[in-house]
Amino acid sequence: NAGVTQTPKFQVLKTGQSMTLQCAQDMNHNSMYWYRQDPGMGLRLIYYSASEGTTDKGEVPNGYNVSRLNKREFSLRLESAAPSQTSVYFCASSRDRGSPLHFGNGTRLTVT
Amino acid sequence: GESVGLHLPTLSVQEGDNSIINCAYSNSASDYFIWYKQESGKGPQFIIDIRSNMDKRQGQRVTVLLNKTVKHLSLQIAATQPGDSAVYFCAENTSSNTGKLIFGQGTTLQVKP
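Going down the list, the sequences are from chains A and B.
Each residue of the first sequence is one higher than the one before, counting from 1 in the working numbering.
Each residue of the second sequence is one higher than the one before, counting from 1 in the working numbering.
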């Protein structure tokens, strides 16, 4: 039982490049989330998926897209990376709305 | 606007002492609160949660207190150990329909041996 698994763990991109961050959970959770964490800013919600087949914007969605591929997987895509997207990205899942979130160990992304 | 904040960015305590980490929230409609612990290089780890119909909840060595009158949340850690050194975040559920959490900026707990 791995919980929430994120890949890759580290990534360096040049401005304008694209990439997809992968996330999978094996807890049969319904809801999944993408957060970014910046120094002094805490965690900010980018996008979330309350259930399979639905996605919604969070606090800071600009520059990102998401796909809830199935119940297990929720990916985050940067179409044209910018230095402002340098951050640590965390995926999380929860059994349902109002349940604790379980986090992965993050993807550390640097955009130069 | 909605915000969740912590009163102190860093808290330093002696091993064996009790620790109290505070958090203020601004949305009186929030109905669910969670404390997370984050160690260096890892994702946030769930510690304890509390719903708005309660004012206290206890776990193993941890207690969360909720004061809705002043919109204040605290985490008490008994007999603090070196392994408790981490950043602690409070989080607030602003909408029970979505489960979205708003996080505070975090308090770093340093435990001195």
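Treat the hints with care, as some may be off.
Said to hold, decoys possible - Quick look at which bits of chain B chain A covers, simulated, 3 or more residues with Cβ under 8 angstroms:
no. : region
1   : 40-49
2   : 102-110
Said to hold, decoys possible - Computed footprint of chain B on chain A; a stretch qualifies when at least three of its residues, placed anywhere within it, have a C-beta under 8 angstroms from a C-beta of chain B:
no. : region
3   : 21-29
4   : 67-80
Stated by the list, open to error - Derived DSS-like pairs: lysine-lysine, alpha-carbon spacing no greater than 27 angstroms straight-line:
no. : chain 1 : residue 1 : chain 2 : residue 2
5   : A       : Lys14     : B       : Lys42
6   : A       : Lys71     : B       : Lys42
7   : B       : Lys42     : A       : Lys9
Because the hints were derived from the structure by calculation, they are not lab data.
Backbone N, C-alpha and C fix where the C-beta goes; we use that ideal spot for every residue, glycine too.
- Query: Which of the stated hints cannot be reconciled with the structure, identified by number in ascending sequence?
  - Reply: Hint check: 3 and 4 fail, others pass.
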